[in-house]
Amino acid sequence: MKKVLAAGCISLGFLIACSRKEPANLDQTQALQPHYDTTAIDSFSAGATTVDIVRKIRMSSQKYQDSVKEAIKLEQEEKRIEAELEKENKKKTEEEKKLKAKENDVASTPKTD
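If you read the sequence shown in the UniProt record's numbering, its first letter stands for residue 1, the second for the next number, and so on.
Hints in this document: simulated from the structure, not taken from any laboratory. Mixed in with the good hints, there may be bad ones.
Pair by pair, the computed Cβ-Cβ distance ranges are [to be verified]: (1) Lys56 with Leu85: 36 to 46 Å; (2) Ser60 with Lys100: 29 to 39 Å; (3) Ile72 with Thr50: 24 to 34 Å; (4) Lys97 with Gln62: 50 to 60 Å; (5) Val51 with Lys79: 32 to 42 Å; (6) Met59 with Glu82: 44 to 54 Å; (7) Lys100 with Arg58: 52 to 62 Å; (8) Lys79 with Lys100: 51 to 61 Å; (9) Asn104 with Ser67: 51 to 61 Å.
Each computed SDA-like pair below joins lysine to any residue, with the alpha-carbon atoms no more than 25 Å apart [stated by the list, open to error]: (10) Lys79 with Glu94; (11) Lys92 with Ile81; (12) Lys73 with Glu94; (13) Lys87 with Glu77; (14) Lys56 with Leu74; (15) Lys91 with Glu78; (16) Lys100 with Asn89; (17) Lys98 with Glu84; (18) Lys79 with Ser67; (19) Lys91 with Gln76; (20) Lys63 with Ile53; (21) Lys97 with Ala83.
C-beta: ideal position from N, C-alpha, C; glycine also.
Taking the hints into account, I'd like the entire structure generated from these sequences.
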């Protein structure tokens with residue numbers, strides 16, 4: 001009877017030990033799943049932001065404001081350079097007109113000997 005009882009205990013222990021095994025794939029799948037500290041928000045849910053609001057947020061950022069200021073500076077510098085070139089061109093054309101007028105006056109006056 002002791003042998004039967006011992007065999008029963010061994011088989012019972014064996015069944016308990018075998019039934020507690022977890023699947024081998026469970027640990028691998030848990031390791032592959034990323035753990036997020038935030039929850040995803042659907043684009044139609046209450047916490048979602050619209051494209052217009054995101055655009056306004058980006059436009060109000062310091063980096064965007066700095067790039068706008070830089071673009072305005074460059075545009076003003078280009079306008080200033082164009083204005084200076086235009087002034088120089090006007091001066092040159094006026095000087096050329098004066099020289100032509102002097103040449104015409106000199107050429108049109110009769111020479112007296």
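Hint by hint, which ones does the structure fall short of? 2, 6, 8 and 12
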